[in-house]
Structures are given as structure tokens and as C-alpha cells.
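So the sequences go chain by chain: A and B.
Letter by letter, the first sequence follows residues 1421 to 1975 of our numbering.
Letter by letter, the second sequence follows residues 42 to 492 of our numbering.
Don't take each hint at face value.
What the hints assert, rightly or not - Below, simulated BS3-like cross-link-like pairs (lysine-lysine); rule was C-alpha separation at most 27 Å, straight line: (1) B:LYS273 to A:LYS1871; (2) B:LYS143 to B:LYS398; (3) A:LYS1871 to B:LYS372; (4) A:LYS1871 to B:LYS255; (5) B:LYS143 to B:LYS95; (6) A:LYS1871 to B:LYS212; (7) B:LYS231 to A:LYS1871.
In short, the hints are calculated from the structure, not lab data.
No experiment lies behind these values; they were computed from the predicted model shown.
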Amino acid sequence: MDPVHRRIARADIRLRGFPPILLYASPSSRHEIPLVQVVPSLSLSLPSPRRSRPFTHSLLPSPPSLSFFDSRRPLHAPQLLPLPKRPSNCLAEVKETMTREECENGPADMLIDGNKARAPREKQGNSVPDKFNSNYLKFYYGKLFPFSDIFKWMSYGNDGKHPGCDQTYFGRREFSFTLDNDIYLRFQSFTSAAELESSIQEKCPFKIDIGPVYSVDPAKRHAYAQSGDNVFTPVERELIFDIDMSDYDDVRYCCSGADVCLECWPLMTVAIKVIDTALRDDFGFNHILWVYSGRRGVHCWVCDRKARRLSNEQRASIADYFRVYKGNENSDKKVSLTSPALHPFLARSYTEVLEGIFEEKLLLSQNILATEERYEKILDMIPDESVTAELRGKWQEKRQSSISNDINVVRWEQLKQLLQSGKHKGKGLRRYVEEIVFSFTYPRLDMEVSKHMNHLLKAPFCVHPKTGRVCVPIDPNSCEEFDPTAVPTLSMLLEELNQGGVRGDVGDDLDRTSLGKSIRYFRSSFLQPLLKSCKEEMESSYNAKLQQMKNSLSW
Amino acid sequence: MQPLRSHHQNDAIPALPLYRSAPPLEVRLEDFELYAIDRLRVLKAMSDGLSRGKNPEEMEKLVKGLLRANMRHPQASEDVNKDIISHFVLRLVYCRTEDLRKWFLSMETALFRYRFLLLTSNDHRRAVMAEFNLPYKAVSNAEYEGVKDKLGQVARSIGQPPPTANDIFYKVPFEEVPELVANRKVYIHKGYAYVAMNQVVSLVVTQFRSHLSKALILTNRKWTSTIREQEKDRLTPIVEALSTSYLGPDYSQPRESAEISIKDLDQIAKSSFPLCMRHLFEKLREDHHLKHGGRMQLGLFLKGVGLKLDDALAFWRAEFSQKVGAERFEKEYAYGIRHNYGKEGKRTDYTPFSCQKIISSTPGVGDNHGCPFRHFSEENLRAALSRMGVGTRAMEDVMDKVRNRHYQIACTLTFEAVHSSTCDAGINHPNQYFIDSQKILQSKNQSPGGS
Ligand code: SF4
Ligand SMILES: [Zn+2]
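For reference, chain A alone in the conformation it holds in the complex (with noise of 0.2 Å):
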């Protein structure tokens, strides 16, 4: 069974000494179903030297008087959430994960263990995240998302105390609030770090978008708007990039939608080397933030101060510089690669990139050649008829003639061969093996997304409402290595501080979880030369101003 597939039932192993605490079923049920209601009791296991701990650190919600990370707004014990009316076909489901578990774990797996509570790694990777519930958010709000660190970041270095600064920087950008009642707050801003720490601890959003920098407080929109005038415009924003698995539903065969799976995220990665390259060596720009969307793919934030003053047209033109496909759902061809020599960035992504990942990893991950149907899709992209013929010919050939090779390689090479060499040679067929390529792998941007100063992005370090997984920032030099599938979730993070407590200050409870490798990632490599040369440039500009002044006065 492909392993990310497989889904196991995972019970949420809860803290003694506990309200009681609901074990919740698979999340592929639309609704979080208690499976069973466990009455955590002293007794169900020894305790281990790390648990002894005071009751009042440990991490899970507990009744308001005992509540540790928030003494100004206590949580409410998570209630009993009552039974929902389920359907039929729902209790069986149930019934059947329970059964696996039971038959992997045994039935004590069932109680609350400290060995169990502390080994789940392992299986982690395999597991599906249970469906994310607000208790947990808000928990996580409480003491994981790094506020400060997307403050400095949002701020750009107008925070210090330097008389370059902008004051109301911060306070004229948008953030918007999903909440879990479905209410979708637009246009909220805030003029402090713990101001905004404060709100989204409050309302608690399933999702926190970013929008650009206005000309004004965007909470005041309207009061400008009165005056007549349209003073109420995006000043700045990020240049952004959306990169969604579901548009690459015609090349990959494994998953389709909202699915992905360690076959097909190989395209992912392609995208981020593709993007990130162009973005540094064609473009200039060093300050790009590459953070997985919680799901099905990739955002890129490119953060130098002169992507964020593009205008729509300026960034319209980059996104088009990075389009390929011409196609649409009713022409034939998605790649036209028509001239007689590829852009230096066209070819650079394909010897550098493209072909690499196309015959090394999808042509057999994807099993792009392997059935009638599959390699008709191929040989229509090839107008040839001779060469088609020829190929077709080879392909329907019942017998193999090397069994020792993938018969995806096989039929690859044969097509290369005949199209790049050979007695086809001169007639120009050459670029059909580009075209294939390209259409099979090259990045495919949500162009409005980034044509537009006034998109909303979901800002980094989210939880997905549907995966629960964290939006985590991805390194570009080492995004081959990026598993989705091990992408820390709500419930993990949740679990790593009940293990050991909680020792005080929220840095450190970062550090003890396995998010804190991306927030050092994120602080590192990204935040800190942000503003380091947000500081320089503030300084430049400053001077320059001043000399300005000087020279005007001294007219």
C-alpha cells in the first residue's frame, strides 16, 4: 500500500490527570467523531521521571483556574464535545479503523501509556493527522506561533528606533481572520506585535491571510473613502507566487486534486528550483521566503523592497516570464515551444532542472510511458506521423525486448533517439523532447496571484484546517529533500510539548518541538538578512534625504 495512503487511525494519547479527553477517529470522516471517551486515571500507567511534573505545566487545556499560558484569557476545559448523529455508513468506517488499530497496537493501545505518549514518531510519517480542532489552535497561538518573528518580519525595520523608520508602516497592512464559525474578517490591522498576538489569540482563525500595504490604515478605509478622493490603494506587497498541485492534474497519475503523495511532489520541487534560481540570478532579488501551503503546495515570498513596489504591470511581466504554457482547456497543445532556440532561462532550467527530474525520477514515478493511453498522450504531442507511427509500431510490440529495464526508460530513449538523431534528423523534431519535458514538468503559477498587489496570501507558520499541518518554510538549496507527509501537524507539536513539560518562555517550548528547526530556519536564513539590509537601505535613504535637505538649504 503506498504509505502515504495508508491511513491509521491514530488516537490522540492524552496526559493523565486529565478532564476527560476524547480519542478522535480517522480524519477522513467529514466530522470529528469521539471514538471512545477515556477517563485518563492516575493508574493506567507508571508515571516516568519527565512527567512528574507539577500538573499545572503541562501543556493540554486545562479547567480555567489552572491555565498556564495565558493567565489574562484562561481556555475553558476542552468539553465534552457530544456525539454527533452520525450515518450508518460513518459507524462503520469507525468501526473498521478501530479494528486496525486494535490489530496493530492491541487494545491497550487504546488506554493512555507513557512509552506509547512518547514513541509516536515512527509512526508519524505514516499516520494522518487527526482533523484539527480549536482547542488545539488555540493552544497553538498560545505558545508556538511565532508572533514577534512575523512582526519583525511585516515591519521591514520601520519597528527601530532609527528616524528613517515609518511608524505606521505595520499598521497600514492587511491581515484577514477565516474563523471557524466561517466568519471572514477582511481588513483588520494592527499597530503592535502584541497587538496582533492578542487579536488572534482571541479569535483564534483556522486561516490568516496576508494582503499589502495600504496607503492607509485599512481598518479606516472608509473614513478616507468619505472624503472623496480614492486614497485607499495598495502601496506595497510582496511579489508572491502560488504553485497548487490540482494544476498539474493532466501529468501525474498517483493523486489528483487536493491529493499529494511523495510520487508527484517532485513537481513541487522543480517549481521551487525552477522559480527561486530566476528570482536570484535573473531578477536580483535575495530575500525569498519558500513555505509549503499546508496541503497541496507551495508559496514564495520575494521580500526585497523592490519587489515590493512592483506595480501590477511590472508584475504581470514577471509572472509572464515565467509562463510557458499557452494552453488552455480547449486548445490542444499546453506547451509550444515554437522558436528556434530556447530563452538562456528556458534552457537553463531545463539542462539544470527539468530533464534531470523528468527522466530520473517522473518518467518512472509516474509511469508516464507505460500504458497505450499514457504514451498515446505523448505521441500526440508529436505531429510527426511517421515518427509516431514508428514509435507506435515499437510500443505495441507485445514482447520486451530488455526485461531488465524500466519500460518507461525503454520507450523514453527510443522516442529520443528517433526524434533527436537519426534518420529524422534536420527536420526540427528535436524540440518535441523539450516540449514533452516542459509540459510534463515546468512550474505552473497561479498567474493572478501574482499579477495583483491586492492578492491575499495565508501567512507562513498556519495550520492547515484540513491537514492540520504547519505552513512551514521550505530551504530552496535543500528542497529535494522537503517530505510533505512529515510536515510537523497540530496534534504531533501538541504531543512534543506534553513531553516534557513546559518549561516557561515560549522560545524554548519552540525549540522542543520539531518546529523549531523551520522557525530557526526561518530566523536564520530569511529574517535576519531581511533586515539586515532593510536596516542598510533605511540608512542610505535617510542620508540621501538629508543631504537633499542640506543641499536645498544651502541654495
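With chain A's structure known, arrange chain B with the ligands on it following the hints.
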């Protein structure tokens, strides 16, 4: 007035004014209007050419002919004045709404582009650059050697001969040549684009465009604050008449007396939607989803057809909720629909797209918008047409027009085939298609509302 470098006027070369400031010229009221109409003829014909998808060479030829036919003055020395006066009159005419400004800006910019390309020597081009104060230095020989290969690769990729050491390149921040970047026509390295002399047009056009764009806003302010009132007996009537005579209605207001209810949509989609909208409508019914471009194109069209905001929300909700659920619809899509009706965001009314806009759009993966005559493969287009009831004879005529890139004419022929009736005005706007169709159907079918 500021024609480019006075000595050019004595040459046979047409001057290329930059229209930096209004001319202190005396103009007869009559000329005021006549010059403007002549210039409008040029702009309008260019706009038609572009919506036919004419390529740059064809456009260059077209513009050359148009200028010769319309912009000459009986006295050659007056050519420049006519040029400048007509431009400034049209600024007044087209400064008054966002849509008028947009159209004028893009047409004047296109005109400037082709006129710049028609300049015959590099000296003239450099003179224009100097006029704009473009601060770019030519790439030095040493630097050229370093990037020679890349420049050659770019040249090959756009089908041009490889550059030689004598060719001049400018190193320009990439933001200043967006169209060269968008079409990958330049080599870009570390934020700089290497612009060849024959691409300099892109630089000057960007300058021209941004100057004119700002100027139009200023003119608009002056117009509303003083000119309109001051000139209410003299120029104002002329100015107001000029814009409507050439641009036609923009269909931003739904037809009077026409309201369409949701239950009629399927029927009128079948009978009266142009192919582009019919296709989107059917796709939406089939997939319960459309991507952004499709939602805009169909949504604004339906607004123009007379679908009220509440009905529009109900209509889109009914479809989208089948695919993404009602919650996500409210969260992610309802905003866009209200936006189309000017209820969110900028609160300005969005106008339904014209054929020209639809034809020049660039639908991508998963997109269904655009004009089928332009964006469908031949096979898909044939299938779609026969579903509309276009017979074999008419089909060949239509396909013939498509091959020659006369998309709107192809659409007009389609209209005629399905309505068995003529359409002399031709199709310029999907909402016009709809209205004309309804008119014919109503006159044919005297019992109103019969279904
Ligand atoms: S010509 Fe115009 S109305 Fe006809 S299909 Fe194309 S865009 Fe639509
Ligand atoms: Zn997959």
C-alpha cells in the same frame, strides 16, 4: 508645442511629438472637431486591427496607411500642429471616465509605438530617448564580451540574427521594460535587462505611457473643476458628443426594463449567448466551478444582461456549493461577485468585457475564458459550433474567417447562421450579441415569454 528637435521639421521625416505640454496654438472651433475626428479614425481602426489579432508587422503597415490617409494636412507644415491639436482635444474627450482613459491610453500608446518604429534611423530614435531624458549608458565592449553568448541565445530565441560587437545594447533595470520581460525578449541578469537598440521602443513606450497616464488624470481634474463649466456653450458639447460617437455603449448598466431571473438563464443561454459565454455557462453547469478569468468574464456579462446582484449570488452559489461547499463559496467567491457589482473593494462598477478584451486575453491551464474563435483548437471549435446549430456550409465560412484571424467576423457569421438573420453592425461586444439576439427572437416570436 514640442515637436521632437526642431530641425526634423525640415527633413522629410515625420516628427514624433511627445505631447509633453499643451500647445499655445490658436485653433478654429471647426478644426478642433475635425482634427479630433480624424485622429479618432486612426485610433479606432487600430483598435479594430488589434482585436483581429493582427501581428506587429501588420499593425505597422496599418498605422502607416492610417496616418497617411487621416493625419495629413493640406499644408505639410501644418501636419505637426494637426497632430498635436488633435491629441490634446482627444485628451479632453477621453479623460472623463476610467474606461475612456484606459482605451485612449492604450490606443495612443500603440500609435506612439508604431510611429517610433517607423522612424527610419537610429539617430532619430536616440533623439527621442534624449528627449525623455533616459539615463541609460550603452554596454561597454568588455561587458559585451561577457554576455555575448547569452545575447546571441536570446536573439536566436526570438528569431533574430546574432548581435555583433557593433550593436548597441543598453543595460536597464528590468522593471522599466515590462513587455520585453513578459515576452522573454531580453537577457536578464541580476536585475538588469540587456536591451538592444531595436528594442528601445519598449523603453520609450513605457515612458510615454506613464507620462500620458498621469496627464490624463490631471486633465480630468481640470475638466471637472473648471473647463466643463467654462466651456459649457462652446467646447463641452463637442467633447461630450465625440466620445459617444465612436466608442459605442459600454454595457455597464444593465439594459433598461430588462431583468433576467435565474430560471430563465438556461433558456436564454441556449438562445442568445455568444459562444464565449455559452461555453463558460455550460462549463459552470458541468464542473460547478470556473477559474478567476471565467468568473470575471461570465459574471460581468450576466450583470450586463440584467442579472441582479442577489440573483447572481444565488446563481453562483448554487453551482459552486456543489463543488466547494457553501462555506467556501461565501468565504472565497462571494466577495468577487459583489466586487463585480461594485459592492466591495473599490466600489466602482466593473464593465462587461468587450470582444477586443476577451480576444486579447490569455487563458492558461484550467481556464475556460477567452474567445472560442481565437482560443479553441479547430476540432473543439467545430464541435462547439455544431452544438450551437451551425450548419456545414456556414461552418466552413466561419472557419475560414478564423484562419484569417477575423474572430469577430467569425462570430458575426455564427450569429447570422443561428438566427437566420443578418447582423450588419458586426459583433463588438458579447452583450451586444445578446441584445441583438433577443431583439430578433422577440420579433420572430410575438408571444412574449413563451417557452
Ligand atoms: S467574438 Fe466576442 S462575442 Fe463572439 S465569442 Fe468572441 S468574444 Fe464572444
Ligand atoms: Zn501523487
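These are the hints, each one checked on the structure:
Among the hinted pairs, B:LYS273 with A:LYS1871 is inconsistent with the structure: their alpha-carbon atoms are about 42 Å apart, more than 27 Å. Distance hint between B:LYS143 and B:LYS398 is fulfilled; the C-alpha atoms sit about 12 Å from each other, no more than 27 Å. With a C-alpha separation of about 21 Å, the suggested pair A:LYS1871 and B:LYS372 falls inside the 27 Å cut-off, and the hint holds. Distance restraint check for A:LYS1871 and B:LYS255: the Cα-Cα separation of roughly 21 Å lies within the 27 Å cut-off, and the hinted pair is therefore satisfied.
The hinted pair formed by B:LYS143 and B:LYS95 meets the criterion: a straight-line CA distance of about 20 Å does not exceed 27 Å. Distance hint between A:LYS1871 and B:LYS212 is fulfilled; the C-alpha atoms sit about 25 Å from each other, no more than 27 Å. Annotation: proposed proximity of B:LYS231 to A:LYS1871 holds, straight-line Cα distance about 21 Å (limit 27 Å).
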